[in-house]
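Here the structure of chain A is known, so what remains is to put chain B in place on it, guided by the hints.
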Amino acid sequence: DAKTTQPTSMDCAEGRAANLPCNHSTISGNEYVYWYRQIHSQGPQYIIHGLKNNETNEMASLIITEDRKSSTLILPHATLRDTAVYYCIVRPDTGRRALTFGSGTRLQVQP
Amino acid sequence: DTAVSQTPKYLVTQMGNDKSIKCEQNLGHDTMYWYKQDSKKFLKIMFSYNNKELIINETVPNRFSPKSPDKAHLNLHINSLELGDSAVYFCASSQVGNEQFFGPGTRLTVL
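In order, the protein sequence lines correspond to chains A and B.
Using the working numbering, read the first sequence as starting at 1 and increasing by one per residue.
Using the working numbering, read the second sequence as starting at 1001 and increasing by one per residue.
In isolation and in its complexed conformation, chain A is listed as follows:
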């Protein structure tokens, strides 16, 4: 799976948008970008994934650059409950591949 690079930590004010970047310059054509998060002491939680087009669901939006070498996860109105470690993972969407977690970005939402 392609390697990803994320900032170690970020802060965001409550109610503001949180924009979490991820670089994946070695991504292959058949690899998707997945985002998961882990709130303290809980299991990881799926957020969103995409291949080429931007995606939006009830939790977040995913913006993927045209060359697919980077992406940004957007939490439109961050709340204190969004404080967590966010993982950007690249993997093929076929087969039975497990997730390869990096060190992620620790997002701290400030009141």
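In short, the hints are calculated from the structure, not lab data.
Keep in mind that a hint or two might mislead.
What the hints assert, rightly or not - Here are the simulated lysine-lysine pairs, DSBU-like style, with alpha carbons at most 30 angstroms apart: (1) A:K3 - B:K1040; (2) B:K1052 - B:K1022; (3) B:K1041 - A:K3.
Unchecked claim - Here are the computed distance ranges between Cβ atoms for each label pair: (4) B:K1022 - A:S9: 33 to 39 angstroms; (5) B:Q1014 - A:T65: 50 to 56 angstroms; (6) B:S1065 - A:P76: 43 to 49 angstroms.
Unchecked claim - One-sided excerpt, in silico: chain A residues whose CB lies under 8 angstroms from chain B: (7) G15; (8) Q42; (9) A98; (10) L99.
Computed from a predicted model, the values in this text were never measured in an experiment.
Beta carbons are placed, not taken as given, at the ideal position from N, Cα and C, and that holds for glycine.
Frame of chain A, contents of chain B only:
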């Protein structure tokens, strides 16, 4: 209506003992996983089962043995526990190629 459940939530035991962690999913998924999160918070895949068959077996000591009695269950048995086995163990499930759902984790402490 818990999706992925694990028992026990906490497990404290002595070195050399044998212990098991149980995992059950009620999502009808065909693939289940075991991940280990160490003290440095890195999450790593250990095993993956698809329709009761082992499909991923990372470099894990053979003291660890997964057992899948049916598609909804994947248990982890650990023999001769060592201090280094202390970690949080997460079970997860998915339909092949789709997002994974994680359990709440089992915190194992070996004394």
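Do the alpha carbons of K1041 (chain B) and K3 (chain A) lie within 30 angstroms of each other, as the hint requires?
-> 18 angstroms, holds
Can we keep the L99 (chain A) interface hint, with Cβ of chain B closer than 8 angstroms?
-> Holds - the Cβ of L99 (chain A) comes within 8 angstroms of chain B, reaching about 6 angstroms at its closest.
For the range 43 to 49 angstroms, tell me whether the beta carbons of S1065 (chain B) and P76 (chain A) fit it or not.
-> At roughly 45 angstroms between Cβ atoms, P76 (chain A) and S1065 (chain B) fall inside 43 to 49 angstroms, so the hint holds.
Mind checking the hinted window 50 to 56 angstroms against the Cβ distance between Q1014 (chain B) and T65 (chain A)?
-> Holds: the Cβ-Cβ distance is about 52 angstroms, inside 50 to 56 angstroms.
With a cut-off of 30 angstroms on the C-alpha distance, tell me whether K1052 (chain B) and K1022 (chain B) pass.
-> 15 angstroms, holds
Can we keep the Q42 (chain A) interface hint, with Cβ of chain B closer than 8 angstroms?
-> 6 angstroms, holds
Is the interface hint for A98 (chain A) satisfied, with its Cβ closer than 8 angstroms to some Cβ of chain B?
-> 4 angstroms, holds
Taking 8 angstroms as the limit, does the beta-carbon of G15 (chain A) come near enough to a beta-carbon in chain B?
-> 28 angstroms, violated
Regarding the pair K3 (chain A) and K1040 (chain B), is the alpha-carbon distance no greater than 30 angstroms?
-> 19 angstroms, holds
Lying within 33 to 39 angstroms: is that true of the beta-carbon distance K1022 (chain B) to S9 (chain A)?
-> Cβ of K1022 (chain B) to Cβ of S9 (chain A): about 35 angstroms, so the range 33 to 39 angstroms holds.
Hint compliance for this structure: hint 7 alone is broken.
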